[in-house]
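Asker: Protein chains in written order, with the working numbering: chain A, 1 to 178; chain B, 1 to 470.
Nothing false has been slipped in among the hints.
Interface residues of chain B toward chain A, partial, derived using beta-carbon atoms under 8 angstroms:
1) Val72
2) Thr167
3) Phe462
What the simulated footprint calls covered on chain A by chain B, stretch by stretch (three residues with Cβ under 8 angstroms from a Cβ of chain B suffice, anywhere in the stretch; the number is not a length):
4) 26-38
5) 107-117
In case anyone wonders, no lab produced these hints; they're calculated from the structure. The beta carbon of each residue, even a glycine, is placed where N, CA and C say it ideally should be.
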Amino acid sequence: MPPPSVDRRRFLSGCTAALMALITGSILAPAFAFVTSPLWRRRQSSGVPDGFSDAGAVASIPIGTWTLLPIEIVRQDGWDKTKQSRSVWALAGGTAPGDVKVLSPICPHLGCPIAWMAGKLDFFCPCHGSVFSTDGTFVSGPSPRGMDRLESQIRDGHLWVRWQDFHTGSNEKIAVEV
Amino acid sequence: MSTIPATDPKRAADGGFFGSRTGWGELKRRVLLEPVEGGSRWTAAFGSLLLFMFILQVVTGILLTTCYAPSVGTAWQSVKYIQEEAPLGWFIRGMHHWGSSAMVILLLFHLVQVFVWGAYKRPRELTWMTGVLLLGATLGLAFTGYLLPWDEKAYWASKVGLGIVGTIPLIGERMRLLLQGGPDLGNLTLTRFFALHGFILPGAIIALIVVHLYFFRLHGVTTAWWQSEELLRSKTEPFWPGQVWKDGIVALGLLACLTAWVATHPAPLGNLADPSKAYEARPEWYFMFLFQMLRYFHGRWEIVGTFVLPSLFFGILFFWPLLDRTPSRDPRRRPVAMTMLGAATFGLIGMTVFAMATDVRMTKPEVALRPKLAASPLQKLDVAGLYSTNCLACHGVDGTGNALRVALPTIPDFTNGTWQKTQSDENFITRIDDGKVPAMPAFKDKLNADQIHALSDYVRAFAAGKTEPK
Chain A
1 MPPPSVDRRR FLSGCTAALM ALITGSILAP AFAFVTSPLW RRRQSSGVPD GFSDAGAVAS
61 IPIGTWTLLP IEIVRQDGWD KTKQSRSVWA LAGGTAPGDV KVLSPICPHL GCPIAWMAGK
121 LDFFCPCHGS VFSTDGTFVS GPSPRGMDRL ESQIRDGHLW VRWQDFHTGS NEKIAVEV
Chain B
1 MSTIPATDPK RAADGGFFGS RTGWGELKRR VLLEPVEGGS RWTAAFGSLL LFMFILQVVT
61 GILLTTCYAP SVGTAWQSVK YIQEEAPLGW FIRGMHHWGS SAMVILLLFH LVQVFVWGAY
121 KRPRELTWMT GVLLLGATLG LAFTGYLLPW DEKAYWASKV GLGIVGTIPL IGERMRLLLQ
181 GGPDLGNLTL TRFFALHGFI LPGAIIALIV VHLYFFRLHG VTTAWWQSEE LLRSKTEPFW
241 PGQVWKDGIV ALGLLACLTA WVATHPAPLG NLADPSKAYE ARPEWYFMFL FQMLRYFHGR
301 WEIVGTFVLP SLFFGILFFW PLLDRTPSRD PRRRPVAMTM LGAATFGLIG MTVFAMATDV
361 RMTKPEVALR PKLAASPLQK LDVAGLYSTN CLACHGVDGT GNALRVALPT IPDFTNGTWQ
421 KTQSDENFIT RIDDGKVPAM PAFKDKLNAD QIHALSDYVR AFAAGKTEPK
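Turn these sequences into a full structure, and let the hints steer you where they fit.
Answerer: This is the structure we're talking about:
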């Protein structure tokens, strides 16, 4: 038998390398798709039809001062459909029964919970020191925008709030898709 | 016909039954008996100590997984069980928790020593680079491990950490989504962080350690700059047992210190994470310099603090052997390198100390920055009701006092922020207590101190929300 030619050896070497690449690829491709699924997976709706949560009777909200109201939201959290607690800053104006303003307590900078400083009459983020005025507009600090207002409605004397998360660190208020 | 022997006759003679079948003699010669120029020394123990600490983290980590369940409903509960009920659980978790801090400190010592020794110079550039990757992977372990107990601290610090990831230009939001596993922190964040913390990053570290040690053995120990070549060659001794003995003594000392620390400082576990409760998020102490830096970059400059400076720092650190090509390893002949090291060390330690010293939460957690009177006691006291009964007639439902201003020109406008800022809290309380000429009645006999205090806060708050939020 004649010795294998250089061409034949190079061809076999190329084929073997291609075989190894094929095996590696056929494992890596689905692995990559699985791990990156949060980027391309179709979203599921957040549970409650209109996404509004009951924040309690409007009459129980003190007039004229910002109050942190707990709410419950329903979210699909992986394999679990769960009730999760959140809270919102609410202010009843007192001039009309429906005059309630609702702000998200999540700092638009990096997502810390913002505190209302009754003594100083401003909102303050205790993480990186952003300050917001009494109506939530940006005053000073690292936050790129003012506090995010949340949609609210009055139904049968109760305040209903639509909880939304917004992208942090962005100049614009962009809702995170749920 | 000749028979082919089953094994190489030379090897068969080496080490008897076991040695001839495992090649142990050869392995021992290569791994343990390698000659070390200049002999064993205490200053060469940092690298071995790090390996020891990593093994300790792996062992305690594996033990913790036998009791830990990564999901929103079980993570905190299982860590609490480890901490409070599982026999020796507090000890294993304490070693793992404080061991991570010890590892970060040792890494920095190792890094500084290698830098001062000039051990990154030709031909050891790749040893240094794999070392910097190991530093990155270790900080990744620290970040992912922080979330797993799912207490308040873990939740908010990780939320901020993921927020920082989100600020990376172009790919930031996608990276955040990938790490988070969904639109918000939850079950899938925990399982992903657990996979990263328990499998992916330790796997990467093991692979990097193998490469790092291979390069280290290939080029040998970097000898100190003050030792002459002749002296070094005259003192050559094998790695085993001289160096291993010294490494072992130091490792035992570290283990004793760590155990004593763990016995007196239980690993912290805060309250179960509750996204509806206010919390002042703080990272672990070794990320405090970054935390402090984030306060200085505002608005669109934010990415300077979150991304540009940290990646510049790691970029320079990683490529340092290629940037510093001077041949001398003597620190006295490397003024630029030593100045940079000094500045970086001073800067990092200074920022960390400054951040911790000026942080209200670090110094006085009990007076953390929360509203003076929380919402619930305000509501319990029915301050709105108190106001309606006692104050509304004159001061008005909106607190402006406009209805009576014609008759009472001195009546204050509570919604006036400028006026509010001229008034102290004591001022308010005194006036409600004692009244004020001409028309304000005294209330101290009618209301109790809590009610008056609450009313003062209530009046204070009228200036809030004067303008429409945008």
